[in-house]
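> Residue strings, one per chain:
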Amino acid sequence: MSKLKLASYWGAACGGCDVAILDIHEKIVDLSNAADIVFWPIAVDFKYSDLEAYEDGYIDVCLFHGAVRNSENEHIAKLLRQKSKVMVAFGSCAISGGIPGLANFKKKDDIFARAYFDSPSTQNKEKVLPVPVLQMPEGEIDIPEFYKDVKCLADVVDVEYYMPGCPPTSEQIWNVVLAIVTGQLPPAGSFVGCEDRALCNTCKRTKTDKKIKKFVRPHEIIVDPDLCLLEQGLVCMGPVTRAGCGNQCTGANTPCSGCYGPLSGVVDMGAKYISALASVVDADSPEEADKIISEVLDPAGTFYRYGLPGSLLRRAK
Amino acid sequence: MEKTSFEPKIIGFLCNWCSYGGADLAGVSRLQYPPNVRIVRVMCSGRVDPTFVFKALSDGADGVLVAG
Chain A
1 MSKLKLASYW GAACGGCDVA ILDIHEKIVD LSNAADIVFW PIAVDFKYSD LEAYEDGYID
61 VCLFHGAVRN SENEHIAKLL RQKSKVMVAF GSCAISGGIP GLANFKKKDD IFARAYFDSP
121 STQNKEKVLP VPVLQMPEGE IDIPEFYKDV KCLADVVDVE YYMPGCPPTS EQIWNVVLAI
181 VTGQLPPAGS FVGCEDRALC NTCKRTKTDK KIKKFVRPHE IIVDPDLCLL EQGLVCMGPV
241 TRAGCGNQCT GANTPCSGCY GPLSGVVDMG AKYISALASV VDADSPEEAD KIISEVLDPA
301 GTFYRYGLPG SLLRRAK
Chain B
1 MEKTSFEPKI IGFLCNWCSY GGADLAGVSR LQYPPNVRIV RVMCSGRVDP TFVFKALSDG
61 ADGVLVAG
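For the record, the sequence lines run as chains A and B. Sequential numbering of the first sequence, starting at 1, is according to our numbering. Sequential numbering of the second sequence, starting at 1, is according to our numbering.
By construction, these hints were calculated from the structure, which means they are not laboratory data. Here the structure is a predicted model, which means the values were calculated and not measured. Possibly wrong hints are sitting among the right ones.
To be verified - Examples of chain A residues toward chain B, derived with CB under 8 Å:
1. 267
2. 274
3. 312
What the hints assert, rightly or not - Calculated cross-link-like contacts (lysine-lysine; reagent style DSS-like; alpha-carbon spacing at most 30 Å):
4. 9/B <-> 148/A
5. 55/B <-> 107/A
6. 9/B <-> 211/A
7. 210/A <-> 291/A
8. 317/A <-> 108/A
9. 55/B <-> 106/A
10. 55/B <-> 291/A
11. 207/A <-> 78/A
12. 55/B <-> 148/A
13. 108/A <-> 55/B
Claimed, not checked - Some chain A residues well away from chain B (every beta-carbon gap over 12 Å; in silico):
14. 34
15. 122
16. 126
17. 145
18. 253
19. 279
20. 280
21. 289
22. 298
23. 302
Note that beta-carbon positions come from the ideal geometry of N, C-alpha and C, so glycine has one too.
Chain B extracted, bound-state conformation (with noise of 0.2 Å):
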């Protein structure tokens, strides 16, 4: 039987100066990395309310990440 791995899907809220930006760059320099971090950009991580997380987590998410 084949061996099953654990995938997470995180979402995770990116602030649109920093962190975004460095999502954006790490595309542009074509740094590779897992798709498990399914990306929404905010304008500022102030911007991410509790709400958002519990509604990621309560639809299925594994994780949140809150970066900026």
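The following block holds chain A by itself, in its conformation from the complex (with noise of 0.2 Å):
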């Protein structure tokens, strides 16, 4: 039998899932015995030429991470669909857009505005703007054009499965990577690498009667390390975020961002947030319960923060 060939890619992302890959350690030898990697441009050298000329359904597993901000994100997801046997949306960006996704809060002119003349280290006293395609002397050249809005990798390409994390821990990468090489995938259009239950189902924490009078930020108070945070007025968001990460965050006095994203059959997890805090919120009238509410910092981008192109808003307009 011929050698796995594996592949993995970067869209709009940090580079923070080739490391959590990369942090499998020695393993990797193991998974080099197993499995060629065929394109993988933070770690291994190959082109994009070299992935024009493999033959469609070369590859057996692509790992995509990042969102798909530009038109080059798009055009290498729709390549490596085109040249992959089972696609994978890898980490937060690729299935729901991620911290990239963040910026669809704002407008594309709003953000070129502050990025290239109103940022207090920018100098652009010609009001210079990137543009897609340029003619020069020397003949045309073109850079990726900027997209009005970040998508999920779902949103341009079919998608088999998806592993959720911001990014997946190195355990459930290693775990998936055997059931890749071992032939155990799931159902196409599972999530791997993770669990179908909250994150409060794993939190070893206390939890008793959710009454808060008061939300507060993790440097505002000192955390009872055997307390469940959300009780403690931190905004966690484990009620409704999928678990499988080995609770890092709450396991170090953090609340849960959610970077796991929501629980299957979830349309919005925003929204189901908003219900969750609603119900543990302890207001004798109306006026305290817009108080203690009010006291939440950005609830938009923290009950969205990985998931806002993925989500209902989607986007400013």
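Build the complex: two chains, separate frames, hints provided.
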């Protein structure tokens, strides 16, 4: 049997998913015994032309991380789709837009104005903006086109599997790699490398009646290491977040930020969290409820931190 | 040219035991009211998930009424 062919690519991503893959440490040697890496820009020297030269379906599994921010991301996503038998949306960005997806709270013009005119470190007297195609005396030059909004991978190509996390933990990556190598992947369309229950189920903290009079940020209190973080007034996304990360944040006295995304069947994670918060606020009057809720800093950015493009809000209009 | 007036589409989530009962009574009493409100009966307004509101608005409703 010929060796498996693996590919990995980053769209609009920070590179953390690549680091998470490399964090399987010496097992990377076992991986290379079982599979050939045929495309992985951050770690292996293959060019786009090499990818184009492969036959269709040459790659067995492609781990695509990063959102689709520009035309280059979309072009390579489509190319990889054509060359790969199995496409995995790897990490929050590919699944639901992730941190880059928060840009959808602003319009493209606002983003350009901030990046190229207004930011304190920018000097741009001629008000030059990037243009996708430019005619120069030497000929035409082009750069990828910046889209008006950030998209998820599944918005541009078909995706077989979803592996959540920001980034997915190395333990889960190794589990999924083993499943790929031994041919034990679940039916297409499944979420892999995670559990189908909320993070609270795997959280060891003591949970009692949740009655919140005041929301706080982590630096404002000394966090009790044994008590539910939400009960202490911290905005912990645990109730609406998929488990599987090993409770790294809550284990370190830090509230869950929701990187593993919503549970199966949930259309909009932020709406579910609004519902969850509404049920734990202990207010005696509508005014008090308003006051308590107003203490949640940046609710949109917190509830949709990893999934704005994949939510019902999608983007600013 | 004919003047066009804005006719909002409003999705109303009404509690079976009070506001839906009220809407029903309005019908039985033959009271006329504009058809802009499209009613969805729920067994309790506590059943209304914020997702319903988001979904209604994103699918084109101009307003959402939760009564109960």
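> What hints, given by number in increasing order, does this structure fail?
6, 11 and 19
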